[in-house]
Amino acid sequence: MTAAAVPAASPASTGEQSGVRLARSRRNAELSLLLLAMVLVAAYAAMVEAKALDTITSDFWIPAAALGLVFLGLHLVIRWLAPYADPALLPAVALLNGIGVGFLRRYDLAKAAPAEREDLAIFAGTGGRQLAWTLAAVVLAAGLLAVMRDHRSLSRYAYTLGLAGIVLVMIPAMLPSRFSEINGAKLWIIVPGLGQIQPGEFAKLALLTFFAYYLVRKREVLSLASRRVLGIDFPRGRDLGPVLVVWIVSLLVLIFEKDLGTSLLYFGMFVVTLYIATERVSWLLIGLILFFGGAYLAYVLGSTVGGPFANFYDRAQIWLDPFAEPYDRGYQLVQGLLTLGTGGLFGAGPGGGQPTLLPEVQTDFIFAGIGEEIGLFGLSALLVIYLLIVERGLRAALAVRDSFGKLLAGGLAFTLGLQVFVIVGGISKLIPLTGQTTPFLSAGGSSLMANWLLIAVLLRVSDGARRPVTGGGGPAARPAGGPPEQLHGAQTEVIRP
Amino acid sequence: MNAPLRRVGVVVIVLFGLLFANLNWIQAYKADEYRNSDYNGRVQVAEYDRKRGNIEVGGTAYALSKETGGELKYQRTYPGGAMYAHVLGWKPVNGSASGIERLENDFLAGTSDALIASRIKDMFTGDETGGGNVLLTLSKRAQETAFKQLNDNEVGATKGAAIAIDPRTGAVQALVSMPSFDPNPLASHNSTEADRAYNTLEKDKERPLANRALSETLPPGSTFKIIMAAAALENGVGQQTRIPAGSSYTAPGAGQPIRNAAPSICPESQVTLREAVTESCNTGFAQLGVRLGADKVKEKAKQFGFEQDDLTVGQLGEGGLPVAASRTGDMQNPDGSTDQAALAQSSIGQNNVRMTPLQGALIAAAVANNDGKQMRPYLVKQLLGPDRTTVYDAAQPRELRRPISGQVAADLRDMMQNVVKEGTGRRAAIDGFVVGGKTGTAESGPNTPDHGWFIGFALDKDGTPLSAVCVELEQAGSGGSAEAARIAGRIMAAAIADSGRR
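Chains as they are written, first to last, in the UniProt record's numbering: chain R, 1 to 497; chain C, 1 to 502.
No lab work stands behind these hints: they were computed from the structure.
Some clues are possibly wrong.
What the hints assert, rightly or not - The list that follows gives simulated cross-link-like pairs (lysine-lysine, DSS-like), each with its CA atoms no further than 27 angstroms apart:
1. LYS302/C / LYS51/R
2. LYS51/R / LYS111/R
3. LYS111/R / LYS51/C
4. LYS205/C / LYS148/C
5. LYS51/C / LYS121/C
6. LYS73/C / LYS148/C
7. LYS461/C / LYS421/C
8. LYS373/C / LYS421/C
9. LYS66/C / LYS51/C
10. LYS66/C / LYS111/R
11. LYS51/R / LYS121/C
12. LYS421/C / LYS148/C
13. LYS121/C / LYS66/C
14. LYS73/C / LYS121/C
15. LYS51/R / LYS205/C
16. LYS373/C / LYS51/R
17. LYS205/C / LYS302/C
18. LYS73/C / LYS111/R
19. LYS51/C / LYS148/C
20. LYS373/C / LYS296/C
21. LYS73/C / LYS51/C
What the hints assert, rightly or not - Reference listing, derived: stretches of chain R covered by chain C, where coverage requires no fewer than 3 residues with Cβ under 8 angstroms from a Cβ of chain C:
22. 26-36
23. 46-52
24. 370-377
25. 405-418
26. 422-431
Unchecked claim - Just some of the chain C residues that point at chain R, by a computed CB distance under 8 angstroms:
27. PHE16
28. ARG35
29. LEU72
30. ALA261
Cβ coordinates follow ideal geometry from the N, Cα and C atoms, glycine included.
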């Protein structure tokens, strides 16, 4: 991992500036990978039509081409604004996003009357809306890249973002259910007649930025150990404050927004950034114990007291035995499992499944719906792509030199991975099911935009990490350092605004 | 900060490893179970894509699929309505089927391994030939007669059952359980409607969904005396041997004396076995049981098929509709010695003796056969391929057991014929055929009317057995057994007429 974390390739690649090895930008690799991804998306669309319509219409390639143009635009922006960004991120995300749009379009086909299937408009239905949202999200990501020329500039807004994050998390809990609850989870802001947004998706970015900044400032204090138990250093009691606050907030989310997934996501995000910042395993242990203790307490209270805890108890019961009430409470999860099982190893082939039989297939259960058609092999490939994105993000964190950047990229990458774990684990009965979106696949603008913003930040950090020190030169002055291949091992610096 | 970052990378790999392992569990290990789960709507949609085969009786389809043009392409319909309901069962859209629809589900649906050649042929020709057809052994006329006569019985019984089998093969000629139900609403594509219909039937106090001919047992009353007579014949008692009788008999240790159904029945201190059977003499058989001992009575009943709890009626090769075990009860005191009072009561088919109507018909069938054997009962005559020419399975009759010797069978036949000629079973007589039988009246409880039974058989003039039958009218009250005898005669006559035509 160490060697691979070094962006500059072989020693042979010396550039025109003698003495300094020129890091390769690898933008052409990104472009060819992106084209490959779009070919796969077009092939997927063709297979869907062949199976679901028994014919391939003459314009099957249009959604893939439209997506390709959008991503090509972002590729050009990256060439211009972040030339040293990680070349694998954009193609990997583009492939997931493309498969998501393709599957949603396939779901529209299944819902449409047989006579209308062949003439389904490009921007019609869920798939068309998702295509439009992709355009908006990619424009947003490009905008962020343009505005934020150096990730460190984000730290200036850390407290503002932290406050905004808390507010965004709290709004759905405060609103009456009518304006915030969908399918039993109060995660939304619903504007009647206009639509709804899921503020938590954006809140996780804002909160993480704040955590990264706060922990960089406080890491020395938080690393102070007071007691050593079983070879693990435990922090001083008075330093537990922040972690307790976040724990309480996440439990409040669990209780009042009825959502274990979001709660687990925020808390996991915080504990992991805390761990990265302090390098103290004890924080992980304290975090895990607090979270599982809290969840168990909520479960016990749900079975005895009920009230606000009842929802969590219900979900836990469904998780323990979904087949106990297969047509009632357990219906969604049972249908999700049956859909995955029907897919089996190889799946029914794109377009060969019956997504209309699975409730919420366009959002929470999209991974199961796709799994019916591409099988275990296809889903494994999707998981590997997610893993690739997460590990690329972590690699950017490893390579970037400033602590804030490390925490930011590491935390974001981990959060993305954790979100995939929470939702995919939920629909496959590994953990209790919660209403999370599957990043880049699920229908919905909030999720798509927030996750593309996350990718934009990772692109920016990776650009900062791989950019040769004497090269182009970012807007922020960089301290002179050694050759790039040693940067990852260099002393990390603590920045102050 | 790099060391913890690398560890976080490992943590993410572990988390994804868990996801991957769990997906393997679901999509590889549990895949078949989930794919074929009753809760999986795809199974139904796929099932309804192919035309399900017919279930036919005597050339007429009584379960068939009609094209709908909807999402589920075919609607299962049952033109016979309630008449065939307990045999055919029904195929609901959600949940599992019942009756023959369940037993032969794979063949009817066309997914059976036997039909693989037909499916491969379809792949090449592009045809959709549908599932295979199931031909039943039932006789249309016998079934119709049994259903109508039972439901229009002259004693006003609301519950009961009738079953007729061909003694030579075990082929079921008629099988009716009363009250019955209409299976059509249960197969509705509207699941609310189907659920409502099912719940109504499920909650009905008369329990129309129960198959009383196979899965319900009742005290058999005097029909049990045929087993007693068989035991007596095998223990040195002849038709003309005189056995102790009398107007009442109190077994050792019994509180209540056993009496006869009417004072005119066997008031003499001794009657012949033949007379005891003809008149249905309770005191005679009670004393006979006490003389033979509980072990011999229980052993003889077991040889006739009592206590068997794994009999099924369907295809001869494999499973079928489950048949409840008929029981004699243990007739024992708590200390293990024989309870003489219970033995005396059991000898006339009371106390804890319980019998299914099918068991009654099997007793009659053993008597009707010259060699005293019982053939294994079955309902599926033939499995006919989707092309209606390939025969996949034709029933080969199999002997179930041989409870009595040819001589004992001949004696019992003779005595049972006498019951119909001049005893309690006169109404079962059929012109031009030899009919034998035994009536039974069983107490159902202290304040409820008696059950009426009749078991019997019909032979042609040459002594060839044609039909064996059992009719049971639950809580029919007075005249129940005579009415059961009449219905039994009608059913056998119909079965004979149908087989003559075929």
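Hints breached by this structure: 1, 6, 15, 16, 17, 19, 22, 23, 29 and 30
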